[in-house]
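A.B. asks: So you can see what is in the structure, the chains are spelled out below.
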Amino acid sequence: EAEVAQSPRYKITEKSQAVAFWCDPISGHATLYWYRQILGQGPELLVQFQDESVVDDSQLPKDRFSAERLKGVDSTLKIQPAELGDSAMYLCASSLSTGSYEQYFGPGTRLTVT
Amino acid sequence: AQSVTQLDSQVPVFEEAPVELRCNYSSSVSVYLFWYVQYPNQGLQLLLKYLSGSTLVKGINGFEAEFNKSQTSFHLRKPSVHISDTAEYFCAVSGGDKLIFGTGTRLQVFP
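Top to bottom, those sequences are chains A and B.
Mapping of the first sequence onto this note's numbering: position 57 corresponds to residue 57, and the numbering continues sequentially without gaps.
Position in the second sequence (from 1) plus 114 gives the number in this note's numbering.
No wet-lab data here; the hints were simulated from the structure.
Using N, Cα and C, we set each Cβ at its ideal position, and we do this for glycine too.
Each hint should be verified, as a subset may be incorrect.
Partial selection, computed: residues in chain B whose CB lies under 7 Å from chain A [unchecked claim]:
| hint | residue |
| --- | --- |
| 1 | Ser141 |
| 2 | Ser144 |
| 3 | Tyr153 |
| 4 | Pro154 |
| 5 | Leu158 |
| 6 | Ala201 |
| 7 | Phe204 |
| 8 | Phe215 |
| 9 | Gly218 |
Non-contacting residues of chain A with respect to chain B, defined by C-beta distances greater than 12 Å in every case (computed) [said to hold, decoys possible]:
| hint | residue |
| --- | --- |
| 10 | Glu14 |
| 11 | Gly28 |
| 12 | Asp56 |
| 13 | Pro61 |
| 14 | Met89 |
| 15 | Leu91 |
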């Protein structure tokens, strides 16, 4: 069964350092999402791509976060510099297209900033 | 704007007992409703969804949910839980494409 891949699964970094997460969606899925899930809360959308274009990045802290999906397939989310408050689970999801409603989630990357 | 309220942060229950996890939503437009399950240090797995049609929706692992438009609710139920159902459960609403999640309910099943 096709799955969304994410790496690394766990990342520990010191504050002020740069960190990057990678996501490979299910083959053929045009829409890709990055969510942040703080411990004890539900996921919150950071950015949504349709192919290589950003559809929604209204909740992305653009002073330190960036996301790209250059060829419309895999995607990278970067934080520079990391802050203590960035400690969270970062989840990637994909769907066939915008409006297909069913999103498939990857295993996530657990980030700890010390 | 849509929002989701999960009324219980934790639900303890004994194995083989029935369980209901409550979810209420608010929206000014037609909604699509979802329940996801998350096991420790894993991503979210879709349990079931309501898009249209029958208000009683059956999902995986023996779970079901009922869409009640007048009460703006979408409660999740299972007639007999197992130890393996211990996990975090999230209700989510979508008015189009963006998913809005609740804060989650921790289901703890005891032997």
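A.B. asks: For each hint, tell me whether it holds in the structure or not.
C.D. replies: Hints, one by one, checked against the model:
1. At about 15 Å, the closest approach between the beta carbon of serine 141(B) and any beta carbon in chain A exceeds 7 Å, and the interface hint on this residue is violated.
2. This hint is violated: serine 144(B) has a C-beta 12 Å from the nearest C-beta of chain A, more than the 7 Å allowed.
3. About 10 Å separates the beta-carbon of tyrosine 153(B) from the nearest beta-carbon of chain A, more than 7 Å, and the hint is not met.
4. Interface hint at proline 154(B): violated, since its Cβ lies 11 Å from the closest Cβ of chain A, which is beyond the 7 Å cut-off.
5. Interface restraint check for leucine 158(B): the shortest CB-CB distance to chain A comes to about 4 Å, inside 7 Å, so the restraint holds.
6. Nearest Cβ of chain A to the Cβ of alanine 201(B): about 14 Å, over the 7 Å cut. The hint is violated.
7. The beta carbon of phenylalanine 204(B) comes within 5 Å of a beta carbon in chain A, closer than 7 Å, and the hint placing it at the interface holds.
8. Among the interface hints, the one on phenylalanine 215(B) holds; its C-beta lies about 3 Å from the nearest C-beta in chain A, closer than the 7 Å criterion.
9. The criterion of a C-beta within 7 Å of any C-beta in chain A is met by glycine 218(B), whose closest approach is roughly 6 Å, and the hint holds.
10. No Cβ of chain B approaches the Cβ of glutamate 14(A) within 12 Å, the least distance being about 22 Å, so the stated non-interface status holds.
11. For glycine 28(A), the condition that its CB be more than 12 Å from all CB atoms of chain B holds, with the nearest at approximately 17 Å.
12. Residue placement check: aspartate 56(A) does not keep its beta carbon more than 12 Å from all beta carbons of chain B (closest about 7 Å).
13. For proline 61(A), the non-interface assignment is confirmed: its Cβ lies about 18 Å from the closest Cβ of chain B, beyond the 12 Å cut-off.
14. For methionine 89(A), the shortest C-beta to C-beta distance to chain B comes to about 8 Å, within the 12 Å cut-off, and the non-interface label is violated.
15. Residue-level check failed: leucine 91(A) sits 6 Å from the nearest beta carbon of chain B, not beyond 12 Å.
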